[in-house]
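A.B. asks: What follows is the residue order along each chain.
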Amino acid sequence: MQLTNRSKVASVKTLNWVEQLYLPAIIKGMIITFSHIFRKKATVRYPEQKRPIANIYRGLHVLKRDEEGRENCTACGLCAVACPAEAITMEAAERKKGEEHLYREEKYAAMYEINMLRCIFCGLCEEACPKDAIYLTDRILPSNYARNRFIYGKDLLVEGTTPETRIDISGRKKDYEMNV
Amino acid sequence: MIDWWLILDKVILIVVIFVVSLAIAAYSTYGERKIAAVIQDRIGPDRAGPWGILQPLADGGKFFLKEDITPKDADKFLFILGPSLFILTALMTSAIIPWGKSFYFGDHEFSLQVANLNVGILYLLAVVSIGGYGIMIGGWASNNKFALLGALRASSQMISYEVPMGMAIISIILMSNSLNLREIVDMQQGFHWNVFYQPLGFLIFLICAFAECNRAPFDLPESESELIGGYHTEYSSMKLGFFLFAEYINMFISSAIISCLFFGGYHFPGLDSLNMSPNIAAIVSICVLFGKIFFFIFFFMWVRWTLPRFRYDQLMRLGWKVLIPLSIFNVLATGAWLTFVK
Ligand code: SF4
Ligand code: SF4
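From first to last, the protein sequence lines are chains A and B.
If you want the working numbering, it's the position in the first sequence, counting the first as 1, plus 667.
If you want the working numbering, it's the position in the second sequence, counting the first as 1, plus 1.
This is chain B alone, in the form it adopts within the complex (with noise of 0.2 Å):
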């Protein structure tokens, strides 16, 4: 038989995880901007509303509004495929983080997770890869060389830093026994945050997580100072809306990826000591998890400008001959110490 709830559950779980995910990104762009002027000692954007709060509904008006061009000598079908590819794939990573400890209507159990897959961790892995596609259909589809010589960079780019992000995931896996997302997170009640035991790990995996993201210092895919804009240079209107989208939203679910893998996800320090009644407990350990997700999304705009593009060769030296041999010593050392020490 059909678990009818169960459907209906999932059903409202990813329509909300849709929505906050498109708010979120919507308003990291105000946060974007507003941050970068505050860094930059200006106030930004402030007529949109109080404090210019609408300024991302009006940026959002402003890209369905635009003229949708197609190049003529472009690929129609791959031209509309990658972006959508794109944003598919930043929408899809959702399903698998926990996002906060399960509400209870009665005995009627409410996950707050879409899918606790048992190899959490490699549906994440893959569906993060498939979003390199998307890069690179549109860069190529558009036939312009500065497209094509961003969509090169990045899919380079993906590949060689997805190396290192998952030796950084193997070493936590080896830690916790399991691929499961919500185990791990599991595991590290209380203060076991993994960052303390695998603090390489976390900044292997930070940095990855930049370089994924394509965002600076790894900005290179997209450098507007050298190839104008990189792989989105001939899409306009909400196709070009849906690449910087998908891009906030990678920003947003790496953002929560890295707080469930090295900060305790939904858990802090004495959630489960105060004794509170499940529900709230619920309430309290989602806003735990937007909390940490909040901070890294401002770690990584505060990254963004502070630090200069990398050269590309520094770019492929610090993968390949960096972090790859950094992360496999990580994993080594985490196996040596889980064998002959624990």
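Here chain A stands alone, though its shape is the one from the complex (with noise of 0.2 Å):
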């Protein structure tokens, strides 16, 4: 049966004595290699230069913060519990009087860890959060030197208070929200 119309038929014929110069062929070859030379060349010079990348793009996680600045998670541990790759890891703790600038619920995550080397970025701990508190986003996770480097904790998942420091996720929930 034939599936598609593309197949072709092998042949095993010799060549003829034009084609047993090979200079032809040789030549021919050359002219192809010659044009590419002027073709639109498909480098991207990283860092100065990015692909465009889709609102959607799952890249390095965020810790999101309220409009007051203060913290969204409540280290209720469902995103470690969706995570299929156990990347997260953390500890809870109760808010004391005074902290309510800082958090938002009245428990909140001490410690906060995720394994960038385990992490396989699927977005399920985006999914599963019910405060809204982790995203990833488009940003890509840069290379390091050593392994327990690529353990991030707080201080590098948490966004900033100051409005430079934030890191925007509108487009994200939007195009999120249109295909659910």
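Since the hints were made in silico from the structure, they are not lab data.
A virtual CB, placed ideally from N, CA and C, is assigned to each residue, including glycine.
EDC-like cross-link-like pairs, simulated, lysine to aspartate or glutamate; straight-line CA separation at most 20 Å: (1) A/Lys708 / B/Glu33; (2) A/Lys717 / B/Asp47; (3) A/Lys695 / B/Asp42; (4) A/Lys798 / A/Glu826; (5) A/Lys708 / B/Asp47; (6) A/Lys707 / B/Asp42.
Residues from chain B that keep clear of chain A, each with C-beta distances beyond 12 Å, as calculated: (7) Ala49; (8) Ala282; (9) Gly336.
Pairwise CB distance ranges (calculated): (10) B/Asp314 / A/Ile693: 15 to 21 Å; (11) A/Ile807 / B/Asp47: 18 to 24 Å; (12) A/Arg785 / B/Asn144: 43 to 49 Å; (13) B/Phe65 / A/Asp822: 40 to 46 Å; (14) A/His703 / B/Asn280: 39 to 45 Å; (15) B/Val323 / A/Ala677: 25 to 31 Å; (16) A/Ile807 / B/Arg43: 19 to 25 Å; (17) A/Ala677 / B/Ala24: 49 to 55 Å.
Please dock the two separately framed chains into a single complex, following the hints provided.
C.D. replies: Dropping the structure here:
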């Protein structure tokens, strides 16, 4: 049964004497390679030049704060349960009096670590989170010289409070909600 | 009495040619990478300096800083002799190439050829075949089977392709009645380039030049996919650098020789009708020769990134069963043409 019309009949015919000279074929090949000199280059000069990334690209995680700068995460552990790679570890703590400006909920994550070498960037943690706390972003995980530096703690995950250090994920949210 | 002017001239010229050869060899590596890149729709090295032009310096510096390893079972003396001989012969061939017309300072003539030998071409063939020893000794001394295989391939390939190469040169000699490279070049004044009279000879010579330089598609001695580098498998640091460098120098010199033998050397049509003062004419002629050389270096690289490597039996069949009969025919035809027609 023929599935496509792309199949070609294999041929074992011997070369005729013009083909045996190889020269026409060589010249043809050289013209082809020469024409490639003027083609558009495929290279992306990475750090200076970046390829456009979709809003829903699943890159480095961020732990979000709310509008008042309080951490969203309540250390419920749902993300860690959802994580197929078991990359997330956390320790919960109770919010003390006077810490209301730091944490939105009464319980918060005192320690929160993602092992980036285990993470497969599936985004299930993001889907599991009931508090809008964790998101994957379009940032790319930087390389490093030591394995232990791939364990990202809260210092690297939580976004800053000032407008410049906030990580914008609005485009991602919009696209995501449209797709759901 | 010793002619001190002559000695001074030659020393200056030798130093200049030495430096130029090394610089061109270094920048050929850069050119090679750039040409490979653009042919493959890439950009190539562009980080070291603007457009990456400092890349060869970085590569050279790296060669010097690498650890210099001599294998335990290697023959220490031969291990060093191999690359040294290879680069020495590569540099020696440049002695007979006429780089341009002479400069005149007053009535002192500054000739742009280190040695105007009357058996220039024989010297060339002799030195080129000594170069084969460099590879052979290097591969043998490493005491490594891949290196030995590479060296064997290199030597048999060089010997096989020297025959048709010599035959192609014989037909040129028949036409010019001289073994002197400068006379051969001057015979091609105007547009009487040998390539028009000896197209077959040119083709044979070109193919053999590729084989002699171990360039793709004839790079079997070092085929990295099967012999992990062939004869220089065991070499590291600057000794490896010598091998690689000598290869690029060989390519440069072959380009120069092809230009001289077949493309009129430093002549181009109309050079003599321009009525320039001798010194300016000399500069123009150097530029013309280097233009041709650069074209051929580009050609060498262009072929390398177009054609895949030959199989070994194909290589030998091409050498012995195709090129040698063709070159003998070419010599006979040239002789017949010179005797009966001219
Ligand atoms: S992206 Fe997937 S693998 Fe990575 S931490 Fe989240 S759930 Fe785990
Ligand atoms: S990130 Fe979300 S799911 Fe994970 S512990 Fe915090 S609140 Fe729970």
